[in-house]
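Chemist: Going down the list, the protein sequences come from chains A and B.
Okay, so the first sequence: first residue is 26 according to the numbering used here, each after it adds one.
Okay, so the second sequence: first residue is 382 according to the numbering used here, each after it adds one.
Hint data in this document are derived by calculation from the structure and do not stem from the laboratory.
For clarity, every value in this text was computed on a predicted model and none was experimentally measured.
Even for Gly, the Cβ is constructed at its ideal location relative to N, Cα and C.
All the pointers check out, no bait thrown in.
Taking CB as the label site, the calculated pair distances span:
{"no.": "1", "chain 1": "A", "residue 1": "ALA84", "chain 2": "B", "residue 2": "THR485", "range": "50 to 56 angstroms"}
{"no.": "2", "chain 1": "A", "residue 1": "HIS98", "chain 2": "B", "residue 2": "LEU482", "range": "39 to 45 angstroms"}
{"no.": "3", "chain 1": "A", "residue 1": "ALA58", "chain 2": "B", "residue 2": "PHE466", "range": "32 to 38 angstroms"}
{"no.": "4", "chain 1": "A", "residue 1": "PRO126", "chain 2": "B", "residue 2": "GLU402", "range": "32 to 38 angstroms"}
{"no.": "5", "chain 1": "A", "residue 1": "ARG37", "chain 2": "B", "residue 2": "VAL490", "range": "57 to 63 angstroms"}
{"no.": "6", "chain 1": "B", "residue 1": "ALA403", "chain 2": "A", "residue 2": "GLU142", "range": "34 to 40 angstroms"}
{"no.": "7", "chain 1": "B", "residue 1": "SER483", "chain 2": "A", "residue 2": "ALA84", "range": "47 to 53 angstroms"}
Below, a sample of chain B positions facing chain A; criterion: calculated Cβ distance under 10 angstroms:
{"no.": "8", "residue": "GLU400"}
{"no.": "9", "residue": "ARG432"}
{"no.": "10", "residue": "ARG438"}
{"no.": "11", "residue": "GLU441"}
{"no.": "12", "residue": "LEU450"}
{"no.": "13", "residue": "LEU451"}
{"no.": "14", "residue": "ARG458"}
{"no.": "15", "residue": "TRP461"}
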Amino acid sequence: MAKPGSAQAIQRLVEDYYVPLYRYAYRLSGSSADAEDLTQEAFCKAQQHFGQLRDPARAKPWLFSILRNAYLHRARADRQQHCVSVESIGELAEPLPAQLPEIDPERLQQALNELPEAFRTPIILYYFEDFGYREIAEQMDLPLGTVMSRLARAKAFLRSRLVEANSHILANGRIRKDEG
Amino acid sequence: MDCKTARLLLDFARPEARELEAEEAAALERHLDHCPDCHSQAYNERQLDDRLAKAMRQVEVPAGLREQLLSRLETARSDWHRQRFAHIARLSVAAAALLILSWTGWYWVRERFITPIDTQRVADAASNDAMDDPRVRTERELRELGIHTPLSRYLDYSLLVCPPAMAELPGYPGRKVPMLVFARNGRWARVYLIAQKAIPEKTAAVTGGSSFKAMLAPWEGEPYRFLVIHDGDDIQWLQPPVAPAT
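This is chain A alone, in the form it adopts within the complex (with noise of 0.2 angstroms):
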């Protein structure tokens, strides 16, 4: 039975990465009853093993990993995922459009809660909080050329449901505007 980490030490920790970790959180399991249950586990967890901590520098990687381990454990229990594909989610994509229109944050979480964990992860994480490749590896473990290789892939999945199909409405739209 581990020491807790002092209170002090603690509530700095919930200061600084509560709202990132949460935001984490919400995109890894879609849900936002999920995401808090997954940030106060994963301070619990930090709490727990403060300890193990001996780099405060690394407390914002740290808390990401103890979260996504809470994530996985869970999601092991929850079979139910309907993810597409690993097959499916092609490296090549269509040159972007001139016009890139603003993104949707509830189509993005749609479009993130069909990619598997292995995609989703990588691709929150490259997006979310600026981690690099090597950061990326390092938290999931991974070479990387893998982390590199799902990126792109993940990358291109996103595009093809969130860029392209808009790209494609407007244009149809705008087809439609000059027959008319």
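We have chain A; now place chain B onto it with these hints.
Modeler: Okay, now just chain B, sitting in the frame of chain A:
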């Protein structure tokens, strides 16, 4: 730098998480300055990155989440302390129970398996002891009590009624000193061995109480003084058959 290399390096050159060496980053920027196609792609990719990053961060954090987290963590800390206390208490109870069990077991074993006493053996040993010089025997018995001292020559140790024992010094509750008990013809005396440094220098040799008198045996440099408590006027009967010259 060619276009293929430039496009491969684009993802490593994000402003938020630069992972290129300074030289590589500079070479990439130079290429983008001179290549309209790569520049256009870089611009579009970065624009997409900005859009996705912005949307990714648009998550509303529930009101009160911070307070809820801190409260839950405080509860967890209290639970840890309570469990630790209970754990220590359980260990203490277990240790006490083990101690009691051990003592009970030892006592039971002792009572069940006590060595039978051979009275002939007792009589033989007592007879052997009686053959020892009383003074030598008494010094040995004192050593068994942890008292190492030569005995005063002014006392007849054949008059001892029992082996020396630790006893409370009259007038000093809780203070135990070696005691010798002498008896002869209805008269008796108790002799207390007091450490020499505990007797002040100018203490009178004889002091009298209402019923008993106290006499310090002459001192010949022993580490202990011999304080004789008796009920008579004199203690000549305590002296050995051939009194030493004074």
